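For the record, the sequence lines run as chains A and B. Here the first sequence is numbered in the working numbering, starting from 1 and rising by one per residue. Here the second sequence is numbered in the working numbering, starting from 241 and rising by one per residue.
There's no promise every hint is true.
[To be verified] 30 Å max Cα-Cα, derived DSBU-like pairs, lysine-lysine: (1) Lys-28(A) x Lys-430(B); (2) Lys-168(A) x Lys-402(B); (3) Lys-299(B) x Lys-190(A); (4) Lys-4(A) x Lys-299(B); (5) Lys-296(B) x Lys-162(A).
Since the hints were derived computationally from the structure, they do not count as laboratory data. Fair warning: this is a prediction, and the values are worked out from it, not measured in the lab.
Protein chains: 2
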Amino acid sequence: MKFKRIVLIMAMEDEARSIIHELNLIHKGKLLSPLPMAFYEGKYKSLNVDLVTSGKCYKHNVDHIGPQAAILNTASAIGQLHPDLIINPGTAGGFMSAGGNIGDVYLSYPMICYHDRRIPLPGFDAYGVGSYYCFDTREIANSLGLKTGVVSTGSSLDYIQKDLDMIKSYGGVVKEMEAASIAWVADLYKIPFFAIKSITDLVDNSTPTEEEFLKNLESASFALSREIIRVIDFLANHQE
Amino acid sequence: MKFKRIVLIMAMEDEARSIIHELNLIHKGKLLSPLPMAFYEGKYKSLNVDLVTSGKCYKHNVDHIGPQAAILNTASAIGQLHPDLIINPGTAGGFMSAGGNIGDVYLSYPMICYHDRRIPLPGFDAYGVGSYYCFDTREIANSLGLKTGVVSTGSSLDYIQKDLDMIKSYGGVVKEMEAASIAWVADLYKIPFFAIKSITDLVDNSTPTEEEFLKNLESASFALSREIIRVIDFLANHQE
């Protein structure tokens with residue numbers, strides 16, 4: 001694990017705030033004008049650690065969440081910052097049926113899939129699901145006491161039954177909105193990638209996602225910040 | 241309408257083939273290695289007309305269709321080719337209920353939305369739909385006898401009832417998989433953009449999309465090629 005230049009790709013400012021604060025990252029303005037992504041620069045021990053959020057939508061004044069903005073963010077970050085490891089920290093939904101709890105933090109392994117790209121044509125069906133392999137996080141997870149699992153990405157915060165059927169088909173245990181997109185672009189450039197996701201809500205209980213999400217966003221973002229820093233510290237201390 | 245450098249952003253090689261042939265475009269290899277997009281260069285009268293397809297997935301050996309690849313394609317094409325107009329030709333689903341027929345060719349107007357980004361949080365709901373305004377195609381459509389309408393984008397070839405409800409809410413008449421993503425990136429760079437879509441299948445009849453799509457892909461791609469060339473000819477002849 002010889003990484004020198006880590007870039008954290010993130011969607012929401014609220015999710016990133018405490019990471020930026022704890023790592024003392026410096027806001028350097030827009031990553032690549034006129035695109036909206038915000039660039040934060042820093043160091044942790046011997047590592048360069050940068051963070052790029054997808055910025056705000058100028059029309060709706062909300063963060064650019066979802067797979068589309070994640071693609072633009074990742075492609076721009078690779079072009080501008082040349083990372084040798086990309087990590088996507090974020091909040092996500094978990095599954096009671098898979099033993100998930102609010103506040104759990106997962107590392108993606110062994111893969112990341114899409115649950116809402118249904119393309120029932122030969123070859124395109126598997127392409128839609130994606131099944132992007134990611135960096136082997138098991139050693140990190142074992143050392144730090146984190147969970148690992150298949151992360152599943154879609155364009156909606158809510159879900160339909162077909163999404164759940166798809167997630168079940170590949171054993172997904174984390175549902176979120178960016179990781180597969182980042183994984184795809186990272187894979188095209190052959191840059192190692194994994195996601196770290198903190199659970200804000202349980203998909204398979206009776207409370208609507210949006211209610212639980214808003215209620216638990218702050219505490220989940222705090223847990224996320226704590227664990228991503230432990231992960232970066234692990235990487236800084238394992239530079240053999 | 242003073243455009244000098246037009247870039248056509250396309251998803252499928254099968255859709256692009258007859259346009260490439262009719263416009264005598266020259267294959268110039270990959271647009272931006274190691275990314276998969278294929279670059280075709282050409283001229284039409286006084287205009288530079290380039291075409292970029294999203295290329296093939298090396299794992300599944302199918303074309304990169306859908307919103308995610310369209311983002312990467314558009315961002316790369318803008319960075320490399322600096323277009324002053326972006327057009328997205330493609331095939332799409334139409335609606336009998338909106339008077340659509342197989343073989344119809346639509347120009348996008350007045351906007352392009354997403355039908356499968358449901359984010360029920362304040363502000364994010366409208367962000368999810370997107371509602372990207374596009375270039376005013378009415379003069380072109382009137383002159384060439386083409387239809388105009390709201391184009392609606394999603395990640396799946398099939399649809400669920402929630403997609404149809406969403407499409408109905410904003411009066412969508414064309415359902416496809418790329419235009420809103422291209423519109424978003426073009427809007428960030430303030431580059432005029434519109435889509436031209438040839439109808440392969442009718443969403444609101446009883447035949448599954450995938451059956452009609454495969455059956456009509458060739459004829460719809462031919463109609464698409466014929467009409468995009470008429471559109472480019474119109475633009476070349478209206479350079480005041």
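Quiz prompt | Index of numbered hints that the structure contradicts, given in increasing order | solution = Checked against the structure, no hint fails, so every one of them is satisfied.
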